[in-house]
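Visitor: Residues per chain are reported as follows:
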Amino acid sequence: MEFDTIAAISTPSGEGAIAIVRLSGPEAISIADRLFRAPSGKTLATQPTHTIHYGHLENPWTEEIVEEVMVSFMKGPKTFTREDVIEINCHGGITSVNRVLQLALRAGARLAEPGEFTKRAFLNGRIDLSQAEAVMDLIRAKTDRAMDVALGQMEGRLSKLIGTLRQALLESIAQMEVNIDYPEYDDVEEMTRPMMLEKAEWVKTEIEKLLQTSSQGKILREGLSTVIVGRPNVGKSSLLNSLVQENKAIVTEIAGTTRDIIEEYVNVRGVPLRLVDTAGIRETEDIVERIGVERSRKVLKEADLILYVLNYAEALTGEDALLFEAVKGMNYIVVVNKTDLPRQIDMEQLQELAGDKLMVTTSLIEEEGIDQLEQAIADMFFEGEIEAGDMTYVSNARHIALLHQAHQTISDAIAAAEMDVPVDMVQIDVTRTWEILGEIIGDTADDGLLNQLFSQFCLGK
Amino acid sequence: MPQFEAGTFDVIVIGAGHAGVEAALASARMGANTLALTMNLDMIAFMPCNPSIGGPAKGIVVREIDALGGAMGRVIDKTHIQMRMLNTAKGPAVRALRAQADKVLYQQEMKRLMEDEENLSLHQGVVEKLIVEDGVVKGLLTQAGGIYRAKTVIITTGTFLRGEIIIGDLRYSSGPNNQQPSIKLAENLEELGFETVRFKTGTPPRVNSKSIDYSKTEIQPGDEEPRAFSFETKEFILDQLPCWLTYTTAETHQIIDDNLHLSPMYSGMAKGTGPRYCPSIEDKIVRFSDKPRHQIFLEPEGRNTSEVYVQGLSTSLPEHVQRMLLESIPGLEKAEMMRAGYAIEYDAIVPTQLWPTLESKQIENLYTAGQINGTSGYEEAAGQGLMAGINAAAKVLGKEEVILSRSDAYIGVLIDDLVTKGTSEPYRLLTSRAEYRLLLRHDNADMRLTELGYKIGMIDEERYGRFIEKKQRIEDEIARLRKVMIKPNEETQAAVRDAGGSELKDGIRAADLLKRPEMHYEMIAKLTQSDIELDEEIKEQVEIQVKYEGYIEKSLQQVDKLKKMEDKKIPDGIDYHAISGIATEARGKLSEVRPLSIAQASRISGVNPADISILLVYIEQGRIAKISV
Ligand SMILES: Cc1cc2nc3c(=O)[nH]c(=O)nc-3n(C[C@H](O)[C@H](O)[C@H](O)COP(=O)(O)OP(=O)(O)OC[C@H]3O[C@@H](n4cnc5c(N)ncnc54)[C@H](O)[C@@H]3O)c2cc1C
Ligand SMILES: Nc1nc2c(ncn2[C@@H]2O[C@H](COP(=O)(O)OP(=O)(O)OP(=O)(O)O)[C@@H](O)[C@H]2O)c(=O)[nH]1
Ligand SMILES: [Mg+2]
Numbered sequence: 001m002e003f004d005t006i007a008a009i010s011t012p013s014g015e016g017a018i019a020i021v022r023l024s025g026p027e028a029i030s031i032a033d034r035l036f037r038a039p040s041g042k043t044l045a046t047q048p049t050h051t052i053h054y055g056h057l058e059n060p061w062t063e064e065i066v067e068e069v070m071v072s073f074m075k076g077p078k079t080f081t082r083e084d085v086i087e088i089n090c091h092g093g094i095t096s097v098n099r100v101l102q103l104a105l106r107a108g109a110r111l112a113e114p115g116e117f118t119k120r121a122f123l124n125g126r127i128d129l130s131q132a133e134a135v136m137d138l139i140r141a142k143t144d145r146a147m148d149v150a151l152g153q154m155e156g157r158l159s160k161l162i163g164t165l166r167q168a169l170l171e172s173i174a175q176m177e178v179n180i181d182y183p184e185y186d187d188v189e190e191m192t193r194p195m196m197l198e199k200a201e202w203v204k205t206e207i208e209k210l211l212q213t214s215s216q217g218k219i220l221r222e223g224l225s226t227v228i229v230g231r232p233n234v235g236k237s238s239l240l241n242s243l244v245q246e247n248k249a250i251v252t253e254i255a256g257t258t259r260d261i262i263e264e265y266v267n268v269r270g271v272p273l274r275l276v277d278t279a280g281i282r283e284t285e286d287i288v289e290r291i292g293v294e295r296s297r298k299v300l301k302e303a304d305l306i307l308y309v310l311n312y313a314e315a316l317t318g319e320d321a322l323l324f325e326a327v328k329g330m331n332y333i334v335v336v337n338k339t340d341l342p343r344q345i346d347m348e349q350l351q352e353l354a355g356d357k358l359m360v361t362t363s364l365i366e367e368e369g370i371d372q373l374e375q376a377i378a379d380m381f382f383e384g385e386i387e388a389g390d391m392t393y394v395s396n397a398r399h400i401a402l403l404h405q406a407h408q409t410i411s412d413a414i415a416a417a418e419m420d421v422p423v424d425m426v427q428i429d430v431t432r433t434w435e436i437l438g439e440i441i442g443d444t445a446d447d448g449l450l451n452q453l454f455s456q457f458c459l460g461k
Numbered sequence: 001m002p003q004f005e006a007g008t009f010d011v012i013v014i015g016a017g018h019a020g021v022e023a024a025l026a027s028a029r030m031g032a033n034t035l036a037l038t039m040n041l042d043m044i045a046f047m048p049c050n051p052s053i054g055g056p057a058k059g060i061v062v063r064e065i066d067a068l069g070g071a072m073g074r075v076i077d078k079t080h081i082q083m084r085m086l087n088t089a090k091g092p093a094v095r096a097l098r099a100q101a102d103k104v105l106y107q108q109e110m111k112r113l114m115e116d117e118e119n120l121s122l123h124q125g126v127v128e129k130l131i132v133e134d135g136v137v138k139g140l141l142t143q144a145g146g147i148y149r150a151k152t153v154i155i156t157t158g159t160f161l162r163g164e165i166i167i168g169d170l171r172y173s174s175g176p177n178n179q180q181p182s183i184k185l186a187e188n189l190e191e192l193g194f195e196t197v198r199f200k201t202g203t204p205p206r207v208n209s210k211s212i213d214y215s216k217t218e219i220q221p222g223d224e225e226p227r228a229f230s231f232e233t234k235e236f237i238l239d240q241l242p243c244w245l246t247y248t249t250a251e252t253h254q255i256i257d258d259n260l261h262l263s264p265m266y267s268g269m270a271k272g273t274g275p276r277y278c279p280s281i282e283d284k285i286v287r288f289s290d291k292p293r294h295q296i297f298l299e300p301e302g303r304n305t306s307e308v309y310v311q312g313l314s315t316s317l318p319e320h321v322q323r324m325l326l327e328s329i330p331g332l333e334k335a336e337m338m339r340a341g342y343a344i345e346y347d348a349i350v351p352t353q354l355w356p357t358l359e360s361k362q363i364e365n366l367y368t369a370g371q372i373n374g375t376s377g378y379e380e381a382a383g384q385g386l387m388a389g390i391n392a393a394a395k396v397l398g399k400e401e402v403i404l405s406r407s408d409a410y411i412g413v414l415i416d417d418l419v420t421k422g423t424s425e426p427y428r429l430l431t432s433r434a435e436y437r438l439l440l441r442h443d444n445a446d447m448r449l450t451e452l453g454y455k456i457g458m459i460d461e462e463r464y465g466r467f468i469e470k471k472q473r474i475e476d477e478i479a480r481l482r483k484v485m486i487k488p489n490e491e492t493q494a495a496v497r498d499a500g501g502s503e504l505k506d507g508i509r510a511a512d513l514l515k516r517p518e519m520h521y522e523m524i525a526k527l528t529q530s531d532i533e534l535d536e537e538i539k540e541q542v543e544i545q546v547k548y549e550g551y552i553e554k555s556l557q558q559v560d561k562l563k564k565m566e567d568k569k570i571p572d573g574i575d576y577h578a579i580s581g582i583a584t585e586a587r588g589k590l591s592e593v594r595p596l597s598i599a600q601a602s603r604i605s606g607v608n609p610a611d612i613s614i615l616l617v618y619i620e621q622g623r624i625a626k627i628s629v
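Keeping their order, the protein sequence lines are chains P and A.
Sequential numbering from 1 applies to the first sequence in our numbering.
Sequential numbering from 1 applies to the second sequence in our numbering.
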C-alpha cells in the first residue's frame, strides 16, 4: 500500500509543450529501465543521481519504439517524496503522455491516487503537519463526487460488459469451489478442463476487444465534450480562454484536428470538459449552412453539453432562432455575454426561446459571471442532467492498466489449463482475473462468491 | 444457596466441548494451572451432529491443530471407523482428509487425554455467573454455590446459551440432545454488556442399522491406504466400516410439500438464522424444487452401537412426518427411527466484540471460543479453543500473545473473519474463504506451524527434533533435484513417453522435469538413481514444492504485501471520531472493530481505501491524539 511505486501525469503549470510522467517508489528506477533505451545503452540505475538523460522509450512487449524522451533520474531521499523519483519528459500531446503512462503502469507502477505524491512527501516527513489538512483534501478528492458520477455514468457500457464477464467467471469459480468443498455431492457437475478453457478463452477475447477500443483513440476523449456555439464575435473564444485561464493549472493544450476546431481540456469544479470552440465560422457565411457542414454537425451531435453564446449588446436575429432550433433537445446553457455594454437584446424573447434552459449573463472582459457559469456546469453534471456519451474519464489509464493485468492472468490460466495443471490451480488465476475486473468497476465485495455458491447449488447435510 | 471457595486456578475453561477440550489441554500444556469445568463429564467432546471430523478446509484445520500441539487429530486417529482423502484428483491445495468417528470412543479417548494431562483438573459443575471486578474477570460462580477464582476464564458453551429445541410445533428450552440449557449464564453475559444474536442449526434423525436394507444402497468404503491426521501418528486403524449412499424420492418431496405448514421454519416458529451451507431437507426442497432427488448418506455412529446418522435429512418437521420421510427412502422403508431430528436455537455473541486473541474487548482476561462465537462445526470450535487456550495461558504466564495470520493457517482466516467482519449466519470454514489456499495445504501444516508450536511451548523437544529433521530432508532433496541433470538417454525418453509426455530434446534438471504435469516424484527419483529412502510425506512435499513453484511464488508475493500491511500496527485507543477525513460509516466500523493493524482495518467492510490512506497518514505521523477537526 505504501511501498509500491506510483505513477501519474504531472504536467507543470504554464508550459504546454512538454508533459511529464512522474514515478515514485522503490521500483521507479527499475520500471524506467524496463522502458528506457539510452543511445549509450547504459541503464539509469548505473547513472549518478539528479541527472537528465536523452533517449527513447521502448514497449518491451512489442520492442517497438514509442516515444522520444528526456528522463530525469533522482534517487531518494533528496526528492520531493523522499523516494526514488523518475520524471519522463515527453511531447505534450495528451496521446503521447497517456501512452507513456500506460507503459509505466504495465511495467509495474500503480496509477497514483489524487494527491498521492503529496501524501508520500508528507508521510516521509517532507512536508510538515500544518499542511495535513490540505493533504487530507487531496486524498479525499479520490472519492470526489466527480468520480462517483463519472463511474455511475459508465454503467451503461463498460460496466455492463465487465459485469457479464465477471458473472461468467464467477459461475465457473463457484462450480469449482463446490467441487472442492463438497467433493461427494453428485448435484454438481465436475468442472472439466474443456469447460473452463472455453469460458476463459471467451473472456480473454472480450478483454482483447476492450483493449483494442481503448487504444483506438478513446483516450482522446477524456471529458464531457462541450461545444461553444454562437454567432460571430459574440465572445466564444473569449469564453474558452476564460474557462481555460481560470483553470490553468490543470489544462493540457491539444491542437485540434483542423484549424477550424480548437479543443482544450479543462477541469471545471471537478467536471472534466473537453471544450470545443467552433471558431472560424466566417461572418459572410450562413451559419446554419455552416453548421450543416458535415464535421460541424458531427461536433454538435457528439456534444454532451453546448454553451450557446449570445451578445447582450445586439438584438436577436433570425440566425439566433435557427441556432436555437439546431440545439433543440440537447443539453445547453445560454450565455449572454458583454453585459458591460448597453443592452440591445430582448431578454424576454430570449427567455422564451431558451425555455427552461439555464441562462447565465457574463461580461468576459470584466471577468464577471464566469463563476456562475462554472457553477451551472457543475450543477448540471452532478444532478445528472448531462450524460457523458462516450466518457471514460481519468480512470481510463487505470482501467487500461487493469485490463492488461486481467489479460495476463486469464492468459496464464489458459496456458496452465492447456498444460494439464489441476483445475483448482488454474482457478487461482481465474479468480484473480475476476478480482481485477472487479476493481475496474469498483466492485470488490468479497461475499459475492459465497452468495453465488449457495444460490447456484443445493448443498448441505 | 450457601457459597464456598471451590479453588483457584490460572485458567478456567467453562465447557468441555470441542473448543473447551483444546483450550484446556493447550493452557495446561503451556504450563498454566488449568481447570476444565463442565456441565457433564460424560459428555466431553460430544458430537451432537455428524459423527465425522475433517473434510475440505476443516480437515486442514485438524492438521493445523495437530501441528500446534493440539489434540483433535491424535484422538480421531485412534477412534475413527473410516478415513478418506478427498479431492485426490485435484491439486494439492485442496486435498483434505475426513474421518468417520466412533462417537463414544472419541469422547472416552479425549477424556482420558485430559485426565492424564499435567496441570489440568477436570470438574463437573454448571456455571451461572462470572465474577467481574472493574472490567476484569476474576472467576465464576456455579449453580452449587462454588466460587472458583482464576486469572483468566475461557467460555466455550457452544449452543447451550438459552438453547431451545424445536420439532414441529413442539418447542422447549434445552441444550443439544436434551441436555440442560444455560439460561442463567446467558443472562449474566447480557448483563455484562455482551451483544448477542440468535442462531439456529439442526440435525437429522438417527435410525437403527438392523432395520436398514443396505442392498438398496451403494457402499462407500474408506481408503485402503492407511491415513492419519496427526503428523505423529504411527499406528493406523485398518479395519474400517463403510458408509452407505441412498437418495430421496419423488414421494419424499411430496411428503415435505404436503407438510410444509408444519415446519417451524415455514410456520414462522423458528426465528434464528440458520446456516446456508447446511439447510434442512425442507429448505433444500423448497429452494431447489427442480432437483428430482437429493443424496442421503448413512453413517454409522460407532462400532458398539446400531445407531446410524442419516446425513442429508436434517429436519425439524414433526416426529410423525420424519417417520414418513424415512419410509419414502430406498433402504429405509422399514427403518426404525431411534431419535428424531430437531432444530436448535441459541444465543451467540457477536464476535467483533473480541480481539484477535479471542479475548473480550469489554472484559479483560475473559476469552470466548467455539460455537458461542457464531461458528458452527467441531473443527472450527477446536481451532478457536486451541488459540484461546494458548492466549489465555500466555497472558497468565506473561508470554507474548499468539495471533495467526490469514497466510499462516485456516485457523487464522477463521478468527480474522470472525473478529473483523463478524458473521450474519453460523460461520463455517470453506476453502474459498482463504486467499492463500495454495500455501495453506494439508501436507505442509507442520512446516507452517510447528516451529511456532515449539516456540510457545506446545511442542516438546523430541517432536521438534523430528520435525527439524523432516524439514531438512525436504530441503536437501529439493536442492538435489535442482542440481541433478537428467540426460536424454533411452531410459529417460522411455519414462517420459510412458507418462504420456513429449520426449526431451536436451538434458534437463531433475526439478524442471518434475514440473511437467505428467511427471511424478517417483519417476524422477528413479531417473536420478537416488538411493535415498524418503517417507511418503516427504516425497509428497518435495513434489508439490517443486511442481507448483511458480504458483507458490505468486502467492508468496501477495503474502509479502499482506505482511507489510500487518506490520503497520494501529495503536489502541485511537479516537476514530476525531479523525475528520474518514467517512462516517468507516469511523463507526473502525471504532467497533478496533483493528490491530492496517491489514485488518482494510478488511472491514465499509472501510474504503481512501479511509485507510487517511488513517495511515495519522498513524505515521504519530500524532493521532493531537489532530482534531
Ligand atoms: C443439533 C446440532 C446440529 C449441529 N449441526 C452441525 C452441522 O451440521 N455441521 C457442523 O459443522 N456443526 C454442527 N453443529 C455444531 C457443532 O456441534 C458445534 O459447532 C461444536 O460442537 C461446537 O463446539 P463447542 O465446543 O463450541 O460447543 P459444544 O460442543 O456444544 O460444547 C459446549 C460445552 O459447554 C458445556 N456447558 C454449556 N453451558 C455450561 C455451563 N453453564 N456450565 C458449564 N458447562 C457448560 C457443555 O456441557 C459442553 O461441554 C451442530 C450442533 C447441534 C447442537
Ligand atoms: N465589451 C466586451 N467585449 C467583449 C466581451 N467578450 C468578448 N469581447 C470582445 O468581443 C470580440 C470578439 O470576441 P471573440 O471571443 O473573438 O468572439 P468569437 O465569438 O470567438 O468570434 P468569432 O470566432 O469571430 O466567431 C473581441 O474583441 C473581444 O475582446 C465582453 O464581455 N465585453
Ligand atoms: Mg472566435
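What the hints contain is simulated information worked out from the structure, not anything from laboratory work.
Take the hints with a grain of salt, since some may be wrong.
[What the hints assert, rightly or not] Quick look at which bits of chain A chain P covers, simulated, 3 or more residues with Cβ under 8 angstroms: (1) 229 to 236; (2) 420 to 432.
[To be verified] With a straight-line cut-off of 27 angstroms between C-alpha atoms, the simulated DSSO-like cross-links for lysine-lysine are: (3) A:K471 with P:K199; (4) P:K78 with A:K561; (5) A:K78 with A:K470; (6) A:K184 with A:K138; (7) A:K515 with A:K526; (8) A:K526 with A:K471; (9) A:K483 with A:K554; (10) A:K561 with A:K455; (11) P:K78 with A:K568; (12) A:K526 with A:K361; (13) A:K138 with A:K361; (14) A:K421 with A:K483; (15) A:K526 with A:K487; (16) P:K75 with A:K568; (17) A:K334 with A:K455; (18) A:K421 with A:K334; (19) P:K204 with P:K160; (20) A:K291 with A:K334; (21) A:K568 with P:K199; (22) P:K357 with P:K328; (23) A:K563 with P:K75; (24) A:K554 with A:K568; (25) P:K75 with A:K561; (26) A:K505 with A:K487; (27) A:K210 with A:K361; (28) A:K564 with P:K75; (29) A:K515 with P:K204; (30) P:K199 with A:K526; (31) A:K564 with P:K78; (32) P:K160 with P:K75.
Glycine included, C-beta positions come from ideal geometry on N, C-alpha and C.
Visitor: Look at each hint and say if it fits the structure.
Guide: Hints and how they fare:
1. Only when three residues or more bring their CB closer than 8 angstroms to a CB of chain P does the claim for the region 229 to 236 of chain A stand; here the count is 0, and the claim is violated.
2. Taking a C-beta to C-beta cut-off of 8 angstroms, the region 420 to 432 of chain A contributes 3 residues in contact with chain P, enough for the three needed, and the coverage statement holds.
3. Using a Cα cut-off of 27 angstroms, the hinted pair K471 (chain A) and K199 (chain P) is violated, with the two alpha carbons roughly 40 angstroms apart.
4. For a cut-off of 27 angstroms, the pair hint linking K78 (chain P) to K561 (chain A) stands: about 26 angstroms separates their Cα positions.
5. Taking the CA atoms of K78 (chain A) and K470 (chain A), the gap is about 24 angstroms. The hint holds against a cut of 27 angstroms.
6. Note on K184 (chain A) and K138 (chain A): the hinted pairing holds, with a Cα-Cα distance of about 18 angstroms set against a maximum of 27 angstroms.
7. Restraint check for K515 (chain A) and K526 (chain A): satisfied, since their Cα atoms lie roughly 16 angstroms apart, inside the 27 angstroms limit.
8. Proximity of K526 (chain A) to K471 (chain A) is assessed by CA-CA distance (about 22 angstroms); at most 27 angstroms being required, the pair is judged to hold.
9. This hinted pair checks out: K483 (chain A) and K554 (chain A) have alpha carbons roughly 23 angstroms apart, not beyond 27 angstroms.
10. Pair hint K561 (chain A) plus K455 (chain A) holds up; C-alpha atoms about 25 angstroms apart against a cutoff of 27 angstroms.
11. Taken as a hint, the K78 (chain P) and K568 (chain A) pair is honoured in the structure, with Cα atoms around 25 angstroms apart against an allowance of 27 angstroms.
12. Restraint check for K526 (chain A) and K361 (chain A): not satisfied, since their Cα atoms lie roughly 58 angstroms apart, outside the 27 angstroms limit.
13. The suggested pairing of K138 (chain A) with K361 (chain A) holds, with an alpha-carbon distance near 16 angstroms, which does not exceed 27 angstroms.
14. For the proposed pair K421 (chain A) and K483 (chain A), the alpha carbon gap of about 47 angstroms is over 27 angstroms, so the pair is violated.
15. A distance of roughly 13 angstroms separates the Cα atoms of K526 (chain A) and K487 (chain A); the hinted pair therefore holds under the 27 angstroms criterion.
16. With a C-alpha separation of about 25 angstroms, the suggested pairing of K75 (chain P) with K568 (chain A) holds against the 27 angstroms cut-off.
17. With a CA separation close to 57 angstroms, the supplied pair K334 (chain A) and K455 (chain A) exceeds the 27 angstroms bound.
18. Restraint check: the Cα-Cα separation between K421 (chain A) and K334 (chain A) comes to about 47 angstroms, which exceeds 27 angstroms; the hinted pair is violated.
19. About 16 angstroms separates the Cα atoms of K204 (chain P) and K160 (chain P), which keeps this hinted pair within 27 angstroms; it holds.
20. Proximity of K291 (chain A) to K334 (chain A) is assessed by CA-CA distance (about 25 angstroms); at most 27 angstroms being required, the pair is judged to hold.
21. For the hint pairing K568 (chain A) with K199 (chain P), the CA-to-CA distance comes to about 40 angstroms; that exceeds 27 angstroms, so the pair is violated.
22. In summary, the hint linking K357 (chain P) to K328 (chain P) is supported, as the alpha carbons are separated by about 10 angstroms, within the 27 angstroms threshold.
23. For the proposed pair K563 (chain A) and K75 (chain P), the alpha carbon gap of about 26 angstroms is at most 27 angstroms, so the pair holds.
24. Our distance criterion of 27 angstroms between C-alpha atoms is met by K554 (chain A) and K568 (chain A), whose separation comes to about 22 angstroms.
25. With a C-alpha separation of about 23 angstroms, the suggested pair K75 (chain P) and K561 (chain A) falls inside the 27 angstroms cut-off, and the hint holds.
26. The hinted pair formed by K505 (chain A) and K487 (chain A) meets the criterion: a straight-line CA distance of about 10 angstroms does not exceed 27 angstroms.
27. Distance check on the hinted pair: K210 (chain A) and K361 (chain A) sit about 52 angstroms apart at the alpha-carbon level, beyond 27 angstroms; violated.
28. Under the criterion of a C-alpha separation no larger than 27 angstroms, the hint pairing K564 (chain A) with K75 (chain P) is consistent with the structure, at around 23 angstroms.
29. For a cut-off of 27 angstroms, the pair hint linking K515 (chain A) to K204 (chain P) stands: about 26 angstroms separates their Cα positions.
30. A hinted pair counts as satisfied when its Cα atoms are at most 27 angstroms apart, and K199 (chain P) with K526 (chain A) does not qualify at roughly 39 angstroms.
31. With a C-alpha separation of about 24 angstroms, the suggested pair K564 (chain A) and K78 (chain P) falls inside the 27 angstroms cut-off, and the hint holds.
32. Between K160 (chain P) and K75 (chain P) the alpha-carbon distance is near 43 angstroms, which puts this suggested pair outside the 27 angstroms criterion.
Of the numbered hints listed earlier, those contradicted by the structure are 1, 3, 12, 14, 17, 18, 21, 27, 30, 32.
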